[in-house]
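**Q** Hey, can you work out the whole structure from these sequences and the hints?
There are 2 protein chains.
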Amino acid sequence: MAKEKKFVEAITSMEEDFAQWYTDVCIRADLIGYTSVKGCMAIKPAGYAIWENIQAELDRRFKETGVQNVYMPMLIPENLLNKESELVQGFAPEVAWVTHGGSEQLQERLCIRPTSETLFCDFYAKDIHSHRDLPKLYNQWCSVLRWEKTTRPFLRSREFLWQEGHTAHATAEEAEERTVMMLNVYADFLEEVLAIPVIKGRKTDKEKFAGAKYTYTVESLMHDGKALQSGTSHNFDDIFAQAYDVQYTDRDNTLKYVHQTSWGMTTRVIGALIMVHGDNSGLVLPPRIAPTQVMVIPIRQDAEGVMDAAQKARGALMAAGIRTGLDDSEKSPGWKFSEQEMRGIPVRVEMGPKDVAAGQAVLVRRDTREKTIVKIDELPSAAAGLLEQIQKDMFERAKAHRDAHTYDAVTYEEFCETVDKKPGFVRAMWCGDQACEEKIKADTTATSRCMPFEQIRLADTCVCCGKPAKHMVYWGKAY
Amino acid sequence: MAKEKKFVEAITSMEEDFAQWYTDVCIRADLIGYTSVKGCMAIKPAGYAIWENIQAELDRRFKETGVQNVYMPMLIPENLLNKESELVQGFAPEVAWVTHGGSEQLQERLCIRPTSETLFCDFYAKDIHSHRDLPKLYNQWCSVLRWEKTTRPFLRSREFLWQEGHTAHATAEEAEERTVMMLNVYADFLEEVLAIPVIKGRKTDKEKFAGAKYTYTVESLMHDGKALQSGTSHNFDDIFAQAYDVQYTDRDNTLKYVHQTSWGMTTRVIGALIMVHGDNSGLVLPPRIAPTQVMVIPIRQDAEGVMDAAQKARGALMAAGIRTGLDDSEKSPGWKFSEQEMRGIPVRVEMGPKDVAAGQAVLVRRDTREKTIVKIDELPSAAAGLLEQIQKDMFERAKAHRDAHTYDAVTYEEFCETVDKKPGFVRAMWCGDQACEEKIKADTTATSRCMPFEQIRLADTCVCCGKPAKHMVYWGKAY
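Quick mapping for you: the protein sequence lines, in order, are chains L and F. The numbering of the first sequence is my numbering, which starts it at 533 and goes up by one. The numbering of the second sequence is my numbering, which starts it at 533 and goes up by one.
None of these hints come from the bench; they were simulated from the model. Be careful, since some hints might not be right.
Identical copies carry no separate label here, and so any pair may be met within one copy or between two of them.
Calculated pairs, BS3-like style, for lysine-lysine (alpha carbon to alpha carbon, straight line, at most 27 Å) [unchecked claim]: (1) Lys-615 x Lys-738; (2) Lys-570 x Lys-658; (3) Lys-595 x Lys-863; (4) Lys-570 x Lys-615.
**A** As structure tokens, this is what we get:
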């Protein structure tokens, strides 16, 4: 009695059910698997390889700015967590508590880190003595845990992978400079590597990180018109330093509090990759992040010369620095095309007996399905050029989609109708009062995404209450 | 009122107190910091950079054998852990239990992974259907937690970093082949990269992994004559597959159990690096793993041309692919030398006004303190050659030390006296009975390290009981 082999079904179309389409892609592109651990997923090789490329790209960028990697414990004693009141209130409802070690009940319970400000503060308090010890520019790659009620692959899971940078500086100015610098690293990475255009801005007080003075964010727009916070950078000023007593002796021999920042990017951005670029055939990966950039698929691989030519093509592409696979399995070419498309591999090279005879190969773009026939000698340069073009086009396409789904509203009626009818960002003026933010959320479910660095004065009054406007805000429904 | 700056004291000598010497090196070489989390350390940049290099080297070797990286949850539901009885008995006394999520008590408690066989089995049971799905060659980089009573930096801490490979195969032969293959990867890495000679062998049943059929190990000898298990590779046969029901449909359409392996290497090997190569001036890092391979130290950096020459030297070294630092701080040259030695940087380049005038530089080896003067044009090639030589010499020196501290014993009296008087490995014959192993441990505190692949018949009878001997065993006191 054999186990039944699952029949490979078509995925739900995104127009029919975007949420189901998303889940289907996660599963069918082999990015994740479900586990017996509620709210936690297994990241499979195809998903983890994307994360490894994200890590390599970000890590290099961090290190170029002087950041060093470290590792802090995953457990936080309760008394340590409790020192900063806003942080506790923000995170206490969603932490997991360890109460027993082996068969013994612990005298003090510990939580699994939901984020590590407390641990870095505790460490800095011991490790920083003098102005000569500053700045500290530390980062760690790890997993964190937040006891979420409802979860979705990559977007919201109890445990997720991320990096968290934690820096300490002598002055408020330096901390502010670092906060913005790291936001720019994220923006650059998202646009240049993931081909995801972003809006850079500051979060309102309501939406900022618990305990931060300012939170900066990069916001991106998914294909369904919902926003996704894709990376955040926080300026803590000396708020945490006061709570955890992180001081240094300055040049003038007086004790001063350090000024801190933290900044993080998570496996959520894999969700963004799927929802910005994916289509009804599956994942579409930008070439710079794709674990496999080109898949060579022989047609009639039993025919003379085909496998040989395919292997040579793969070798030539790899020699040109292109991450190349060769699908020499026993599946039909059509099946292999579907798999390559589902997995989002940017380019496939088709080679059949006729191509071999003609000394050519067929290049097919994953994003547009456009075909090009090239001489076999020109394959590596043609593929490299095509990958660059795809990267550029994917960004432009995502930007055009974002811009076409960004609306302005001056009156509250306009605002509510836009949020209701037109999925996307709505730009509108705001007085700065939290009451208006809360009313907007209650009336429309849209939240303030950010006050963009690039402000445009759309009107003189708040879209909600009519009082004088202070900020232009991007609003939207969000993941 | 300024914080007191700690005076930099000399470290304890290893002859005086090896354990204190070890801790001093960990702290003074800036590898770790203490935290407020009992039994857990902070790995500082100098320590983490070593781990990053270890990861890069191992990860590349794993991938060359077809291994793919994945990520499984950090939490294990109690019922999942309980399915394999030996594993539970082995790990239950030392796991940390999560009992609350936010303010709610959980219906089922979860432990933080002490190792992830259970999670991989659970995953494979869902993910493996047919012989076409095999083999699965998965690995993950993560931290694990074991509730240890007494802890020491790197050697034994409640949380530690590691990689754990978990593979599933169609046949017992393939699983055995993979188990040995990965042990060889570890041995090769330890000898070629960390310059640590190893004994490869199989653990006795008493010392094997809970639930494994066979555990293979690479054992190394520390400077104080104690052994350190430096990497293990386990063959589970179909023991876990039966407990977790991991089956596949074979070509003959019948259901069969898969055969599994797991293998791991941890931050412990950083402890081995310290204790195999270190000296009374601090850490000594083999060039291939050293985050900084050469440190350029200008002498009288205010003198004309010195800083310029030092910067050029650094540039030339980096252009030659050598990881090079430049210490242009305001400390004295002597202080800088001490720091470079404490941190174990394999080579320093001294450049003073006289050297600049003579167009030369002074190379000083960290391991032997030997000085060489080279023409500035030849600096990159001379440094590269020296680094290769140091790598080779460090391995040979460690091997000579290991061999000089490996003793043979035929009678029990010899055996006990050797363990008592001569720190190192003792080789002796064993009948295969656990009773003798236990008696030896009780009498001497030495444990069986392994039954080496290379067997020598030292005698016909067991060193302990006099019954016919089955195996030659390496015994030793161990970390």
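**Q** Now tell me if each hint is right for this structure.
**A** Quick rundown of the hints versus the structure:
no.: 1; hint: Lys-615 x Lys-738; result: within (21 Å within a copy, 47 Å between copies)
no.: 2; hint: Lys-570 x Lys-658; result: between (38 Å within a copy, 15 Å between copies)
no.: 3; hint: Lys-595 x Lys-863; result: between (44 Å within a copy, 25 Å between copies)
no.: 4; hint: Lys-570 x Lys-615; result: between (30 Å within a copy, 18 Å between copies)
Comparing the model with each earlier hint shows no violations; every hint is respected.
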